[in-house]
Structure formats: C-alpha cells, structure tokens
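Spelled out from the first residue to the last, the chains are:
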Amino acid sequence: MKRDVVVMLTRAPYGRVHVPEGLRAARGVAAGFDLHDVTVVFTQDGVYGAREAVDRDALNMTGHVADLVEQDGTMVADAAAMAARDVDEADIADDVAVWPGDRVAARIRDADHTLDF
Amino acid sequence: MKRDVVVMLTRAPYGRVHVPEGLRAARGVAAGFDLHDVTVVFTQDGVYGAREAVDRDALNMTGHVADLVEQDGTMVADAAAMAARDVDEADIADDVAVWPGDRVAARIRDADHTLDF
Amino acid sequence: MLYLIDEPMAEIGLRTAAGDPDAHVVLIQDGVYLTPDVDAQVSAVARDVSVRGVDLPPDVEPISYDRVVELLVEQEVKSFV
Amino acid sequence: MLYLIDEPMAEIGLRTAAGDPDAHVVLIQDGVYLTPDVDAQVSAVARDVSVRGVDLPPDVEPISYDRVVELLVEQEVKSFV
Amino acid sequence: MAYIGFLLTGGPFDSERWRTAYELGRAALDAGHEVMYFHYLDGALVPVADQSFPDCSDSGLYDEMPTAKFQELVADGAEVICCGLCVDARGIDADADYPDGVEVGLLPDLADILGEADRVVSL
Amino acid sequence: MAYIGFLLTGGPFDSERWRTAYELGRAALDAGHEVMYFHYLDGALVPVADQSFPDCSDSGLYDEMPTAKFQELVADGAEVICCGLCVDARGIDADADYPDGVEVGLLPDLADILGEADRVVSL
Chain A
1 MKRDVVVMLT RAPYGRVHVP EGLRAARGVA AGFDLHDVTV VFTQDGVYGA REAVDRDALN
61 MTGHVADLVE QDGTMVADAA AMAARDVDEA DIADDVAVWP GDRVAARIRD ADHTLDF
Chain B
1 MKRDVVVMLT RAPYGRVHVP EGLRAARGVA AGFDLHDVTV VFTQDGVYGA REAVDRDALN
61 MTGHVADLVE QDGTMVADAA AMAARDVDEA DIADDVAVWP GDRVAARIRD ADHTLDF
Chain C
1 MLYLIDEPMA EIGLRTAAGD PDAHVVLIQD GVYLTPDVDA QVSAVARDVS VRGVDLPPDV
61 EPISYDRVVE LLVEQEVKSF V
Chain D
1 MLYLIDEPMA EIGLRTAAGD PDAHVVLIQD GVYLTPDVDA QVSAVARDVS VRGVDLPPDV
61 EPISYDRVVE LLVEQEVKSF V
Chain E
1 MAYIGFLLTG GPFDSERWRT AYELGRAALD AGHEVMYFHY LDGALVPVAD QSFPDCSDSG
61 LYDEMPTAKF QELVADGAEV ICCGLCVDAR GIDADADYPD GVEVGLLPDL ADILGEADRV
121 VSL
Chain F
1 MAYIGFLLTG GPFDSERWRT AYELGRAALD AGHEVMYFHY LDGALVPVAD QSFPDCSDSG
61 LYDEMPTAKF QELVADGAEV ICCGLCVDAR GIDADADYPD GVEVGLLPDL ADILGEADRV
121 VSL
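Residue numbers (UniProt numbering), protein chains in the order written: chain A, 1 to 117; chain B, 1 to 117; chain C, 1 to 81; chain D, 1 to 81; chain E, 1 to 123; chain F, 1 to 123.
Hints in this document: simulated from the structure, not taken from any laboratory. Positions of the beta carbon are idealized from the N, C-alpha and C atoms, including for glycine. Treat each hint with caution, since some may be false.
Claimed, not checked - Computed beta-carbon distance windows for the label pairs:
1. E:P108 - A:A90: 36 to 42 Å
2. C:P58 - A:D102: 47 to 53 Å
3. E:D63 - A:D72: 45 to 51 Å
4. C:E76 - D:E70: 52 to 58 Å
5. F:E116 - D:E70: 52 to 58 Å
6. E:E103 - B:R103: 53 to 59 Å
7. A:D72 - B:R103: 54 to 60 Å
8. B:E52 - D:G19: 26 to 32 Å
9. A:D102 - D:E70: 46 to 52 Å
10. E:Y3 - D:P57: 28 to 34 Å
11. B:D102 - C:A40: 49 to 55 Å
Bound-form chain A, shown alone (with noise of 0.2 Å):
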C-alpha cells in the first residue's frame, strides 16, 4: 500500500552517517514498489545539513537528493529548529522549502509512518 511516509534528520551532518544515510533510505523508500510519497524533513541539529554551505559532495548528499527529487520526494526546513540554532532562511539550499514549526509538526503528525536518523 502506498504510505505517506515523513523521514526525520536530526544530528549534524558531519562525522557521521545519518544524513547522507538517511537521505539514502529516503530515496529508496520513495523508489520502492509501493512508490510512497516521502517529505525529508530537516530537523534539530539536522537543519545544519539544509544549508546552502554545506558541502553536499563531501557528504555523500548529491546522488541521493537527486534521486529524492526524481522520485518527486522533497525536502523541507524546521524554522523553529533552525531559530533554535540561529540558521537563517537565507542559509538553506534553495531545493529545501522553509516551514514554520508547527506546519512541520502537524505534517509529521499526518504521516502514515515516520523514520529517523
């Protein structure tokens, strides 16, 4: 059965797996029989990962959010995390949607499943 199925990043993108890894299991959940629609969410120390500065190379990050996107998956920014965190809308990549706090909050909410990394 295709799900609404909402991915949650959530550690800082260097030195560790979690985001490229993540964005990875995104895609392939977006890519799999079922073709569930997929929002990346960037959340807590996650929204560092959303910036237009990083590196995505470096992280492994390219291919994935290029087969994220394919699979019509997409990619939104926790205000309320990155106000925590002093990042500025003006930060984020321009592929990553900006939404208010609460708007991610009922989205993960409305979700049929939830996965986090």
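Chain A is fixed; fit chains B, C, D, E and F onto it per the hints.
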C-alpha cells in the same frame, strides 16, 4: 612514570557502556605498573550515574568501583553539572564526593592526562 | 496518537505531541529523566524508570513494554527515539 | 594549556578552560558550530570549518591539524572531544 | 493481529535502542503480533554472532548479548533483515558472522515494510 | 620528538572521532613524533578489514574507509592496540578481521601509554 589521571564520565549511565567501561578503564589504569593516581569525575549527564538510586549491579559498576577503591582511586561528582540537572547532593552515593564546579575544573586542569567516556 | 520520546529527539517530539489534543506521551530510555510540560497524558516505561532510580511525578504513570505494545496497536504511533 | 572542544563535552570543557588565564581553545568537529564566551584565544580546525561551511567570527582563527599538533607538543593539552 | 515493523539504526553498545527494539518485539510476539526488523547503519552490528563479555551481571543489561536476544526473537517467529550496504561498510561477512535466520536485504525491503506494516517504530 | 598517545572510543560511522584521531596521528607522524593508539569500546570496530562502501565520494569523508586510513598509519610507524575485551564483546575475530600490525591488548597497555606518553588525546 606515575601520573595523575582524571577519568571523566560524561554520559547518562544506562543503555550504553560508557559509565561501566569508563570505570573499568579507571581501575585498570590505577592497577597498572605505574600505579597511576586516578580520580573519576562524574560530570554532565554522567552525574546521573553517581546517584544512590542507580542499580550498580545492573550497570556492571559494582566490581569496578570496588577495584578502583582498593587501588586508592577516588570518585567525585560535579556539583555544577548536578545543579543543571536538578540532582541534589543528598541524591549522590556515599562513596562519591561532591565537589563544586570550580574545584572539578581545577582538578581537570591539574591532571597530567585526562580520559573521557 | 502515541508518542514515544527519548531525550535526543525530545525537541521535535514534544513539539509534535503538543499540537495533538489526543496525545499520549510515553517517556522511554533516557526520556524518563524528562519532565515534559505538555497538556497530555504522560506515561513512562517502568523498566527504564526503575533501573535509573528515577522518582516519577504523581501524574506520570509507569507502564510495561506489554502495555506500550497494546497502546500502539490501539492507536497510531510516532517514535522519537 | 590547549583545550580541544567538541559540542558534546562543551559544558565541562569550556568551564575548565574559563579558569585558565593561559587557555587556548581549539574548536574541533561539531565544536566549530559553537560561539564560546571565553576570555581566551580561540582557534578552530580549518577542515572542520570548511566542510561545514561555517563563517567564523573574526577573532577565531582557522588552523590546520599540523598546527594543532605543534601546539599540543609545545604545551599541555586537555581533550573534550 | 497487527503487523509491527521496526527500523533499528542503533548499535549494540552505544545506545539502548537495540534493547528497546528487543523488548517491544518480545512483547509484540507474546501478544500474537507479526514482527519484522530492518537493521540499518550500526543496527547491522547487533546480530553479529560470538559476542561475549566475561563479567556481565546476571541482573544487568548484558545478562545476554544482543545477538542472543535477537536469535530468541527469530526462533519465536520474528523476521530480521540487515541492510547489505551497511553490512559491507562495516566489514561484516554475513555468511560467517550472522546466525541462521538473520537475512541480508536492501532498501526495497524497508519500503515493503512501510507499505505492509500496520505500525512502524523507528529506533 | 614527542610521544603522543591516543585513546579512541568512537566507532567508524557514528562519530568523527576516528577521523580526527587519524588526522592528528598523520600530522604527528609527519612531524616526526611517536604515535600510539589504544582503541577501546566501539573504537575496536575502526580497523576491521574489508570495509567497503560502493558510492562514496572521492572528496568526502569516505574516500577511504577507516581501516585503510589506520593501515596507512601503521605502515608509517604508528602502533595500534585494540582492547581485547571490547573485541570479544563485538564478536570481532581478531586473527581474521584485523589487518597485519593491529594488535590486541588489555588495559595495562593503556596504563603504560599514560605513564610514558608526553601527551594523551582522548577521542
């Protein structure tokens, strides 16, 4: 050469091996050829592990603490970290001394080497 | 909806639960050290409480893993662990 | 004394450095996200800064691993990483 | 009967998540539910055989090692799939290092769990 | 020449500490210092051979796997000792799983490092 060693336990005690395995390292270092002087400091979330209410057997702490004490090692809880976590001095086990935060910091600065877990 | 909450994801987890009038928060693992300020039913996994020697506030109910499974079959679950 | 500081141990690390009039703080790994309020020389590992795309404040100097090793041979080091 | 899927990303000694995954799976099996695990990232280290710890306490976390706990679950009907990429990254030799009943899979298996499970718990 | 000891408790994929340990050891060897590692807890997973990751970026963290980086250090004169208890706990078969030059030791080896090293960096 005999050294003055501080072992910092910084993580909450349950679910990961850092508190018991940090204590194992502390007593192993105190029992080595040089018979290093070892002070174990419970700081940050590690102060939860210095509480009387913790089940030391369940955390594999008991044997390591006995060995450490036999090697004249000492255990200290950081009052500044306790205050930040609402842990009172009365909550701390009898064999752990409570030191003010500045005394803990000075002890760490004065050590020849520090290890952290 | 059931919300399983541990400390590392408490920031997003508690914020998500706070917007749900039918939220049931279950503190789990180091989450039992938390004292969440949410207008919701709050439980805590009994084993995680007892091994840590945590005194729960009177309005937080300790529950077994069996009960957690019953609850998450009865209703949707979101994990923040 | 040299203090290597990452985020998870910043609480005890920065407090320890704050009491040392000769402290040289080196931010390392995710520690480069920190903006420590200490009265000390502060550096940051250049590679950790650049890969994260962090803009350092003007008074924080980026340094190489080679320089970190030079500094920690010249003086004692305490690691909070 | 419900179908409960678990995504386990936590390793065996650095977090309690494997233990929580075991306890919830145990309770779910006892209640007659169907249980499926997908082990990803350091979760792939959890079922590695021949884990041994000499002086663990009978009352403690390590009364049995993680692999033994998951072998119990498999014996009682749970399915355990480990992500093959994560297995390779960690130098795990699946044939030699995993006990019988622990399978190696890929992300489409996780996609299937998400499609079929009534509940998914990410740990 | 200084003698620099490292205690590494971080595993290969869950934190950057192994990479920092490598970079500092690399710089220390290049400057002519003596370098000794004691791998403890998940640090024992860092030198496990046959780690492979298919699509890692040439410019990224995983241009080479952790075990390859530490094999370089060993070839250039660093000593690497892994805690035997940690090895056993993780189901690592030291003879089969560690490359040449990676030794298994015990806590007295760490005690010796603390006694002899000019500097100790805990990661």
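Hints not upheld, ascending by number: 2, 5, 10, 11
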